[in-house]
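> Each chain, written out:
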Amino acid sequence: MSLAGSLMLGLLLAWGLGGTVWLLTTRRYRVTQVPRFAMDLLGFPVELAQRLFGRGGVPYALLLPNMLIFGLFTFAPMILNFYVSFTGGSSIILFERPWVGLSKYVDIFACESYLVPKTCSNAGYNFFTGLYNTLWFVGIQVPIMCAVALITALVVNRDIKGRGFWRAMFFYPVMLSPVVIANIWNWVLHRKGVLNAGLDEMTGALNALAGLSGFDMVMTVLLAIVLMVVTERALRAGAEPSTAWTALFALILALLTAWANPLSLLDLSGSLWLGLALGAGLVWLVAAGHRSARIAIMVAAALAALMLLSIQFSTVFDMGRYRPNNWLVTPNTGWPFFWLVFVFCWSHMGFYMLILLAGLQAIPRDLYEAAKMDATRPLRAFTRITLPLVMPTLTVVIVLSLIRSFQIFDEVYLLTGGGPGRETYMIVQNIYEVAFTNSQPDYGQAAAGSVLMAVIIAVFTFFQLWLTRRQSEL
Amino acid sequence: MTDLPHALELRDIRKAFGAVKVIHGIDLEIEEGEFVVFVGPSGCGKSTLLRLIAGLDDPTSGDIELQGKRVNTVPASERGLSMVFQSYALYPHMSVRANLSFGLENLNMPRAEITRRVDDAAKLLQIDQLLDRRPGQLSGGQRQRVAIGRAIVREPIIFLFDEPLSNLDAELRLQMRVEISNLHAQLGNTMIYVTHDQVEAMTMADRIVVLRGGRIEQQGRPLDLYNHPANRFVAGFIGAPQMNFLAGRLEGRTLRLDCGLTREVPVAVPGKGEAVSLGIRPEAIGVSLDGQGDEVVTVRNYEQLGAITYIYAAFANGETLTVQQAAQIPLERGQRIGVRFHTETFHIFGPDERALEMQS
Amino acid sequence: MSRLATFLTRTAGTPDRAERFGVTDLLAYGYLLFGVLIVLVPVAWTFFSSIKPERAVDNFDTRLLPYAQIEAEIEGQGPKPLWVHTDENGDEVLVFKAGPTRRETEVARPEAPDAVFTVPRSSLAPHETISVAVENYLDPLLKRNGQENFHFFTYLYNSVFVTVVATLITLLINAMAGFALSKYRFRGRLTFTILIVATLLIPASIILVSLFFVVWSFGIFGSLWGVIIPAAATPTGVFLLRQYMLTIPDELLEAARMDAASEWRIFWRIIIPLSLPALSVLAILSVIWRWNDFLWPLIVLISDPRQHTLQLGLTQFAGEFNTDFHYILAMTVVTLLPITLVFVWLQRFITTGIATTGLK
Numbered sequence: 000m001s002l003a004g005s006l007m008l009g010l011l012l013a014w015g016l017g018g019t020v021w022l023l024t025t026r027r028y029r030v031t032q033v034p035r036f037a038m039d040l041l042g043f044p045v046e047l048a049q050r051l052f053g054r055g056g057v058p059y060a061l062l063l064p065n066m067l068i069f070g071l072f073t074f075a076p077m078i079l080n081f082y083v084s085f086t087g088g089s090s091i092i093l094f095e096r097p098w099v100g101l102s103k104y105v106d107i108f109a110c111e112s113y114l115v116p117k118t119c120s121n122a123g124y125n126f127f128t129g130l131y132n133t134l135w136f137v138g139i140q141v142p143i144m145c146a147v148a149l150i151t152a153l154v155v156n157r158d159i160k161g162r163g164f165w166r167a168m169f170f171y172p173v174m175l176s177p178v179v180i181a182n183i184w185n186w187v188l189h190r191k192g193v194l195n196a197g198l199d200e201m202t203g204a205l206n207a208l209a210g211l212s213g214f215d216m217v218m219t220v221l222l223a224i225v226l227m228v229v230t231e232r233a234l235r236a237g238a239e240p241s242t243a244w245t246a247l248f249a250l251i252l253a254l255l256t257a258w259a260n261p262l263s264l265l266d267l268s269g270s271l272w273l274g275l276a277l278g279a280g281l282v283w284l285v286a287a288g289h290r291s292a293r294i295a296i297m298v299a300a301a302l303a304a305l306m307l308l309s310i311q312f313s314t315v316f317d318m319g320r321y322r323p324n325n326w327l328v329t330p331n332t333g334w335p336f337f338w339l340v341f342v343f344c345w346s347h348m349g350f351y352m353l354i355l356l357a358g359l360q361a362i363p364r365d366l367y368e369a370a371k372m373d374a375t376r377p378l379r380a381f382t383r384i385t386l387p388l389v390m391p392t393l394t395v396v397i398v399l400s401l402i403r404s405f406q407i408f409d410e411v412y413l414l415t416g417g418g419p420g421r422e423t424y425m426i427v428q429n430i431y432e433v434a435f436t437n438s439q440p441d442y443g444q445a446a447a448g449s450v451l452m453a454v455i456i457a458v459f460t461f462f463q464l465w466l467t468r469r470q471s472e473l
Numbered sequence: 000m001t002d003l004p005h006a007l008e009l010r011d012i013r014k015a016f017g018a019v020k021v022i023h024g025i026d027l028e029i030e031e032g033e034f035v036v037f038v039g040p041s042g043c044g045k046s047t048l049l050r051l052i053a054g055l056d057d058p059t060s061g062d063i064e065l066q067g068k069r070v071n072t073v074p075a076s077e078r079g080l081s082m083v084f085q086s087y088a089l090y091p092h093m094s095v096r097a098n099l100s101f102g103l104e105n106l107n108m109p110r111a112e113i114t115r116r117v118d119d120a121a122k123l124l125q126i127d128q129l130l131d132r133r134p135g136q137l138s139g140g141q142r143q144r145v146a147i148g149r150a151i152v153r154e155p156i157i158f159l160f161d162e163p164l165s166n167l168d169a170e171l172r173l174q175m176r177v178e179i180s181n182l183h184a185q186l187g188n189t190m191i192y193v194t195h196d197q198v199e200a201m202t203m204a205d206r207i208v209v210l211r212g213g214r215i216e217q218q219g220r221p222l223d224l225y226n227h228p229a230n231r232f233v234a235g236f237i238g239a240p241q242m243n244f245l246a247g248r249l250e251g252r253t254l255r256l257d258c259g260l261t262r263e264v265p266v267a268v269p270g271k272g273e274a275v276s277l278g279i280r281p282e283a284i285g286v287s288l289d290g291q292g293d294e295v296v297t298v299r300n301y302e303q304l305g306a307i308t309y310i311y312a313a314f315a316n317g318e319t320l321t322v323q324q325a326a327q328i329p330l331e332r333g334q335r336i337g338v339r340f341h342t343e344t345f346h347i348f349g350p351d352e353r354a355l356e357m358q359s
Numbered sequence: 000m001s002r003l004a005t006f007l008t009r010t011a012g013t014p015d016r017a018e019r020f021g022v023t024d025l026l027a028y029g030y031l032l033f034g035v036l037i038v039l040v041p042v043a044w045t046f047f048s049s050i051k052p053e054r055a056v057d058n059f060d061t062r063l064l065p066y067a068q069i070e071a072e073i074e075g076q077g078p079k080p081l082w083v084h085t086d087e088n089g090d091e092v093l094v095f096k097a098g099p100t101r102r103e104t105e106v107a108r109p110e111a112p113d114a115v116f117t118v119p120r121s122s123l124a125p126h127e128t129i130s131v132a133v134e135n136y137l138d139p140l141l142k143r144n145g146q147e148n149f150h151f152f153t154y155l156y157n158s159v160f161v162t163v164v165a166t167l168i169t170l171l172i173n174a175m176a177g178f179a180l181s182k183y184r185f186r187g188r189l190t191f192t193i194l195i196v197a198t199l200l201i202p203a204s205i206i207l208v209s210l211f212f213v214v215w216s217f218g219i220f221g222s223l224w225g226v227i228i229p230a231a232a233t234p235t236g237v238f239l240l241r242q243y244m245l246t247i248p249d250e251l252l253e254a255a256r257m258d259a260a261s262e263w264r265i266f267w268r269i270i271i272p273l274s275l276p277a278l279s280v281l282a283i284l285s286v287i288w289r290w291n292d293f294l295w296p297l298i299v300l301i302s303d304p305r306q307h308t309l310q311l312g313l314t315q316f317a318g319e320f321n322t323d324f325h326y327i328l329a330m331t332v333v334t335l336l337p338i339t340l341v342f343v344w345l346q347r348f349i350t351t352g353i354a355t356t357g358l359k
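Sequence lines, in order, name chains U, B and H.
In terms of numbering that gives the first Met the number 0, the first sequence has 425 at position 426, counting the first letter as 1, and numbering is strictly consecutive.
In terms of numbering that gives the first Met the number 0, the second sequence has 264 at position 265, counting the first letter as 1, and numbering is strictly consecutive.
In terms of numbering that gives the first Met the number 0, the third sequence has 54 at position 55, counting the first letter as 1, and numbering is strictly consecutive.
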């Protein structure tokens with residue numbers, strides 16, 4: 000038995016026996032009071048502290064177990080990390096580890112160019128690959144997830160039916176373990192999995208549809224009618240155009256722009272982005288209540304009608320033969336990374352949505368009623384009431400999700416294992432593999448990596464807090 | 000008397016929270032069986048003093064003796080006192096019976112004894128049919144009774160009440176006031192009662208202790224305080240509506256008020272022209288509607304309560320005067336009426352706000 | 000007609016206040032439905048796949064229901080899968096394949112296994128029936144059919160042990176710390192609070208390596224205690240409970256002190272029952288954390304299969320047999336089932352609890 004083990008045993012004995020003796024000598028218990036005796040025994044150190052030092056000693060006794068565990072298993076390792084990072088060898092016994100100074104750090108930073116991990120030493124290559132992948136991941140995943148969580152919270156916060164049901168459904172993935180999540184998505188994303196099969200069937204159906212004679216005409220007429228109705232609706236609602244209908248109109252406009260592909264006349268690609276930008280601009284104009292909103296919608300409607308006539312739907316919807324994608328394995332496609340972001344959002348979004356929802360529900364209803372009396376437009380109510388008041392909660396969510404996604408390991412390890420190649424190799428996996436899966440575990444190297452990661456996380460967090468502090472001062 | 004220990008004795012009690020001094024040296028003796036009320040405006044230290052007696056806070060200096068034994072270091076639970084809190088502090092997750100017996104269980108009392116005491120107290124307070132309910136299911140008055148019951152079962156040396164009626168509505172407050180007085184008569188225990196309401200103090204107390212700013216301003220039987228206030232603060236605090244104060248000067252034994260009135264007053268020590276104020280209770284002023292009297296005032300406002308009429312009037316120099324008449328009087332705003340003063344009802348307060356002694 | 004439309008698109012309220020089902024509602028419900036599909040479809044698909052027979056899983060049968068090909072006992076050839084052969088006249092006849100599958104496949108009728116004839120492959124369709132493949136679940140659980148490597152009940156015991164013990168310890172010591180920080184004034188309170196905030200900002204994965212050293216030197220590496228103890232003190236829990244306990248009135252504690260309750264008994268009899276809402280939220284959080292924990296158990300417990308938790312066991316199982324999808328899927332469902340049932344049972348409580356108590 001180790002030293003610590005015997006120490007613990009001694010402590011338990013002192014607690015149990017000493018407590019029993021002390022309690023039985025100072026208090027009387029009846030036979031029916033055994034549970035009460037058990038509770039008194041559990042709290043024996045606290046009782047003793049009160050007897051010895053009065054009420055002033057009690058809080059320290061109450062804090063002791065918690066702080067002991069924090070001290071031993073959080074603060075001590077934090078400091079020990081620095082020490083370990085200055086030692087070499089693969090021994091587990093601290094005193095047998097030779098002091099190597101800064102060499103573990105030097106190994107990591109032995110690069111010709113820090114931006115190109117390939118020019119680094121082996122350790123540096125792994126570290127910087129992991130770091131850049133992680134930074135990419137955080138940079139993409141955190142904004143997306145926070146945006147999705149906020150949107151979902153806003154929608155669930157509306158006066159809708161079955162709010163509890165929706166809320167529970169979005170929260171459900173949070174309850175699932177990473178292993179289960181990985182198995183589920185591995186199965187769905189398998190080359191012969193249901194996603195590929197579904198996409199295959201969909202393209203098949205679209206191809207068949209596009210092959211029908213008269214498809215072009217039917218599609219054009221159908222879309223023309225939809226366009227007319229939506230435009231009319233958007234312009235009809237009162238003096239100012241309706242935001243919701245405009246949003247629908249903008250969506251159709253974006254699709255039409257993508258299909259008509261006007262940029263191909265200039266030999267440029269990216270018509271979809273142009274369409275999305277046009278749509279977003281339109282929605283903004285209307286939501287902000289700009290004077291030229293009506294005219295903008297009419298111009299856009301004319302534009303849309305023109306484009307509609309130019310589209311040959313049979314070619315747009317002819318997708319060709321679908322090739323099943325090996326989502327998690329094919330290198331240089333970006334798909335493994337995409338699915339990682341997707342699955343991570345899928346499994347964590349519900350938690351942040353709940354926190355944001357609580358923040359939204361804390362906003363007093365009468366503020367919105369007052370805004371309604373002042374004829375405030377919905378978007379303005381959102382930017383001037385909702386957003387500022389939910390900002391503190393949003394900050395908490397951003398900081399929490401930042402720290403969380405920096406530490407991503409389980410999902411990557413189980414879904415892609417860092418592959419293909421090193422495309423999804425994250426920093427925690429680097430630390431884990433260096434320390435625990437190598438035949439020659441290099442704890443020093445892993446500790447050095449941990450220290451650097453801690454520094455980066457700290458910088459991020461404080462930058463974030465500083466930014467929001469400044470914002471709230473402005 | 001002297002060989003019997005006091006139920007409670009405080010000697011030069013001081014209390015400071017950090018740099019803020021709350022109690023500035025209080026000496027007080029309370030006898031066995033007395034009903035003592037601490038009264039004063041909010042922030043006067045009356046609740047702090049009660050908590051020091053209870054043992055919930057420790058005094059910064061000074062001694063607390065219970066029945067002749069110094070208890071400064073004795074924890075609250077072992078002083079043998081019990082307390083009724085302003086919010087009642089009933090344990091919301093326990094039934095009424097568990098609330099009453101919790102303290103006795105902590106003392107390891109035999110089960111039979113606990114049951115007996117709880118049932119007795121419940122019967123006394125007429126809450127015996129509520130014993131299985133939770134505090135949340137009780138009305139305000141019932142909660143109040145349970146809180147008192149919890150104090151009774153401990154059979155304490157002294158009952159401590161911390162503004163126990165302030166959460167009740169007016170009608171219930173009146174009723175509970177009477178009940179607590181009856182309880183005192185029945186049990187005969189020493190009780191210390193803290194309130195900011197001078198009516199409660201006047202109606203319930205054997206002895207009132209008026210506190211201000213952490214000091215005792217005056218203590219004594221209720222009517223003594225009413226009739227012979229030691230200073231202007233006590234005079235203004237005790238009695239409703241408040242005593243009228245009129246500014247003036249004392250030259251020899253002649254009181255010259257700013258409103259014009261001049262009177263010979265039987266002060267023990269003649270004045271030298273110093274500024275004094277005359278205190279006179281609203282009910283000690285006579286009224287004549289025909290404008291005859293010592294002074295003429297203008298009616299600013301009045302309240303007819305049926306049996307009583309309050310008149311709010313002003314002198315020509317702007318000083319205001321409240322008059323209480325035990326009759327229904329036909330009045331109009333702006334009406335000029337005569338008022339009469341009686342020298343024997345005068346309270347004269349010197350420049351230091353202390354009451355001037357009168358010749359006997 | 001328009002009244003009918005109003006009636007059909009009414010969302011809430013009385014007839015006079017009925018609002019039309021606007022396009023915003025449409026967008027909102029569309030969004031929610033889409034989101035819920037994304038959440039549910041993968042899980043549901045996994046479940047439906049897990050009850051499919053091995054052959055259907057291996058062939059990536061994307062039909063929703065579990066179809067199994069019917070087999071028949073052929074004289075002298077053992078069990079053979081049956082096919083439906085449709086000839087030119089549209090008549091259907093049951094056959095089995097008597098030779099390898101080619102464009103022109105040799106088949107025979109089960110009644111006459113020797114009368115082999117040739118048909119085009121395209122005219123053959125599997126003769127199927129719906130059958131739930133219970134063996135996907137029972138084989139690993141009961142260690143039949145060579146599935147001896149998934150010690151489900153060991154893993155379940157380990158997971159339940161870690162989850163329950165760690166949650167109990169977490170609740171106890173976090174509640175104690177929360178109580179101390181919320182209800183006592185003492186030297187160093189701010190320091191302790193700041194220290195706990197600091198641990199909130201130290202993510203577990205950056206102290207992985209040195210925590211391994213600490214746990215190893217305590218001799219709990221490789222045992223379940225090595226997973227339980229380091230994670231028992233959670234800053235989130237301390238804060239959650241502290242914030243909640245701040246709302247418990249101090250007068251209750253003082254009443255208990257007057258009732259001669261020791262501080263520990265106040266904690267146990269007053270604070271714990273009154274903090275139950277916050278405690279249950281923390282309990283749920285802790286159960287989720289511990290049950291789903293992966294990286295740290297992977298480091299501490301991986302070397303000893305008898306100490307694996309359900310998560311580790313499932314990972315190992317999926318790693319070893321990454322072709323036996325039918326077993327992996329079934330065991331995945333078994334692993335997600337307990338927490339799903341808990342969620343379905345307590346979902347309203349969990350979501351509202353976390354939303355209202357958590358992280359303010």
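By construction, these hints were calculated from the structure, which means they are not laboratory data.
Computed from a predicted model, the values in this text were never measured in an experiment.
Among the hints, a few may not be true.
Subject to a maximum C-alpha distance of 27 Å in a straight line, what follows is the list of computed BS3-like cross-link-like pairs (lysine-lysine) [to be verified]: (1) H/Lys79 - H/Lys96; (2) H/Lys96 - U/Lys191; (3) U/Lys160 - U/Lys371; (4) B/Lys20 - H/Lys96.
The following label-pair restraints were derived from C-beta to C-beta distances [what the hints assert, rightly or not]: (5) U/Pro391 - B/Asp119: 50 to 58 Å; (6) H/Leu200 - U/Leu16: 37 to 45 Å; (7) H/Leu141 - U/Trp98: 51 to 59 Å; (8) H/Ala197 - B/Thr202: 55 to 63 Å; (9) U/Ala109 - H/Val131: 56 to 64 Å.
Cβ coordinates follow ideal geometry from the N, Cα and C atoms, glycine included.
> Give a verdict on every hint.
Hint-by-hint comparison with the structure:
Taken as a hint, the H/Lys79 and H/Lys96 pair is honoured in the structure, with Cα atoms around 8 Å apart against an allowance of 27 Å. Simply put, H/Lys96 and U/Lys191 have alpha-carbon atoms about 26 Å apart, close enough for the 27 Å limit, and the pair holds. Under the criterion of a C-alpha separation no larger than 27 Å, the hint pairing U/Lys160 with U/Lys371 is consistent with the structure, at around 22 Å. Proposed proximity of B/Lys20 and H/Lys96 is contradicted: the alpha carbons are some 102 Å apart, above 27 Å.
Between U/Pro391 and B/Asp119 the beta carbon distance is about 55 Å. The supplied range of 50 to 58 Å therefore holds. Between H/Leu200 and U/Leu16 the Cβ separation comes to about 40 Å, which falls inside the hinted range of 37 to 45 Å. For the hinted restraint 51 to 59 Å between H/Leu141 and U/Trp98, the CB-CB distance of approximately 55 Å keeps it satisfied. Distance hint check for H/Ala197 and B/Thr202: the Cβ-Cβ separation is about 57 Å, which falls inside the suggested range of 55 to 63 Å.
At about 59 Å, the beta-carbon gap between U/Ala109 and H/Val131 stays in the expected band of 56 to 64 Å.
Comparing the model with each earlier hint shows a violation of hint 4 alone; every other hint is respected.
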